[in-house]
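Residue numbers (the working numbering), protein chains in the order written: chain A, 1 to 541; chain B, 1 to 315.
Honestly, the hints are just simulated from the structure, not real lab data.
All of these numbers come straight from a predicted model, not from anything done at the bench.
Treat the hints with care, as some may be off.
[Claimed, not checked] A few chain B residues that face chain A, going by a derived Cβ cut-off under 7 angstroms, partial list only: (1) Asp211; (2) Thr215; (3) Ala218; (4) Lys219; (5) Met221; (6) Pro222; (7) Trp228; (8) Arg233; (9) Asn234; (10) Arg268; (11) Thr275; (12) Arg277; (13) Ala291; (14) Asp308.
From the three backbone atoms N, C-alpha and C, an ideal C-beta is built for every residue, glycine too.
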Amino acid sequence: MSLLEIEKLKLDIGGTPILKGIDLAIEKGQVMGLVGESGSGKSMTALAIMRLMPHAARASGRLTFDGIDILASTEEAMCRLRGDDIGMVFQEPMTALNPVKTIGEQVAEGIRWHTGANRADAEARARQILDRVGLPEAKFPLSRYPHELSGGQRQRVVIAIACALKPKLLIADEPTTALDVVLQKQILELLKDLVDEQKMGLLLISHDLAVVADMADRVTIMRHGEVMEDGETARTLSEQVHPYTRQLAQASMHVPDRPHTTAASSTAENLLEIRNVSRDYPGRRVSLFKKGEPFRAVNDVSFSLKPGQSVALVGRSGCGKSTLARMILALDHPTSGDIRFMGESLLGKDETALRPFRRNMQVVFQDPYGSFNPRHKVERLVSEPLHLLDETPTPAARREMVAAALHEVGLKPSDMEKYPHEFSGGQRQRISIARAIITRPKLIVADEPVSALDVSIRAQVLDLFADLNQRLGVAYLFITHDLTVARAITDEVMVMHDGIMVEEGGTADILDHPKSDAAKALVDAAPDLHRAIARRLQEQG
Amino acid sequence: MTAFLLKRLLIGLATLLVASMVVFGVMEVLPGDPALLMLGMNASPDALESLRQQMGLNDPVVIRYVHWIGGLAIGDFGRSYTYSSPVIELIGERAAVSLPLAIMSLVLSTVIAIPVGLYSASRRGRLSDTLAMGTAQVGVAIPNFWFALLLIYVFAVWLRLVPAGGFPGWGAGIWPGIKSLILPAVALALPQAAILARVTRSALLEVLGEDYIRTARAKGMPRSAVLWRHALRNAMIPVLTILGLQFAFLLAGTIIIENVFYLPGLGRLIFQAITQRDLIVVEGVVMLLVATVVVVNLLVDLAYALVDPRLRVRT
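Extracted from the complex, chain A is given alone in its bound form (with noise of 0.2 angstroms):
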């Protein structure tokens, strides 16, 4: 008998279906890697497992855990076994722990909880597994709250929670996909050996099909709520027999088409300068008469972009990449050094002065959901660029660049009547796209452009990307610390850590053979489908 078994698991939410007949089995000590797009309903299967469900879902079919039946058991059977046989580790380790209380208080909780332990029995133990997870008392107390901690220390309590009372199951649902490339490593090696240790079963939930390759003895491919197809890890997705797996997997290493690269270019006059930046932010008081040291985000940098060029900025987060963006993009002021753009020094300029500046560089966020007013219409939120121009368009000509940047992006132009909300993630982000390229930049910063999407969309929007490049001559700054998008779309990479510029020069050159440690730390790091199944199907012999 199987640890997890679940057979035609139905699930709907006021009547709407959200799973449609899933089968999955678990064994003890497999990892079992649930694949799939948002709304495949691969989170809902985890929640399902846990009895944790919205109100309003109703699930029927057979799941049943360690011989007892999930769909059946009362609420206080559940209790007894979530956290107990059954932990789980969440996506946002940021708001997972509660801000009021101590992490040493969370991870004993569950052990009281469960074992009835008194406070001190308690605590040694939390000590324990937190020193486990990474967590040695010495440097991280039990008395430490989360906003102490950073995202990756904080996903190491929510698992030392989760794997506390070392259960029989373990479900991870995307744990590392809040965190970067060399996190999300350690992350993930940190779950693999507790799993060995431990004899956990681990149902790992993620959209990456290179995390899975690596981490899974057998897969499971979700789409719409329905199985697509399962199987042995390393025959699966080297095989690809299932048309969704072989597009999942071709989208998920998709590299645009780039005709010409801009290298020829290189004789023109630089686009963008960046001189011996630095930029200082204040430190914690010491005391009331005492100043802190100031913390240095930036770290004397020096670069520059030629027009029509597109380049990623890589490292890991906190490396100063986004605040060197927003420098950049003239949102904030460098300490010293110097930032010209079209040959003028942006610094020391006013609002007014940075006008023509401003309208020539445009920026793409991470998060199409959060970056426009809900309350606006598509006409409204592409035309915000327009103000920048030194005369304003009339109602007519302004729909008509609306109707023109939409036609760029892929959209109809009837799609300006539309709210934000009646769009997909993709499209969203070609809305943003569009009011990016609304004045004719020479420069769009994208910050992150393609973390949020799933793989298949996120190709598009690549694509989307590669081809303005080439018909518009838009020169890009990709900021990301996803090598697989500098790989894809960038000619040249630059290599952040610390707030030092470490490396720099050709996407290939370094992302095939990186020189520094910082370098190499991300490119060893990075998740590749390839990689991971070659190295399955050699230890399969």
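With chain A's structure known, arrange chain B on it following the hints.
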């Protein structure tokens, strides 16, 4: 922490100073001559003039302000024009009624509201939640003087458990004093409790949607335990804000209830002082209320820090 407290105290003092200027300035432009009031309409101009001289009413505004504020700083609020006793004594007598009344109704409203809010939030959308919140809605809508009359009828006239009104003074013993404050406290607490229960419920519901609540549930804790151990403390910030505002209101905004129950409280003092142009009393009471608000706000801020470690300033 000390730096934080010091900073807050300085801000509080500055607030008081600005408030004192506004209070003094407003009283300055209001019509009404205290000397005329004290001596009556038939007083001779000579007598009026000499009284004005004696009271310092003829001094320039700035001098009088400095004089007044200097007195406040050492606890001398001046003498009332109509009662001809020191303002501080008048305030003291009245505060001995108003302060216990405010504290009683605040405690009462908290004790009612938080359990009701918790109960409603835990049974969101069910009949009991709808009923509880419907009752709260009615509680907000009922005028408290009407409710007070109802209370008097049932508990004083009919059941004869408590006096219908008046205040015997603390000299007559603690229990008679408290007994005469019970009904007014209940009448004041009801609408406050209704508002507070609604705030508690909505704050809890918001918190219950947070990711960390799911984490706690995944640990195997039942819904009720999660509500008490994880949600309540996180929902306290808006509740504390409302509590602070309510206390300031309860201290002086209770004139109607004081009238219904014939209580000699601060509300009636300030009302009488205004009708009699007893400006020095008005100024004194208002300054006291401003000071109370400043102190309560400071306490609320300290309570925030107690509840949420992210709001604690490092020393």
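Structure versus earlier hints - violations, ascending order: Numbers 7, 10, 11, 12, 13, in rising order.
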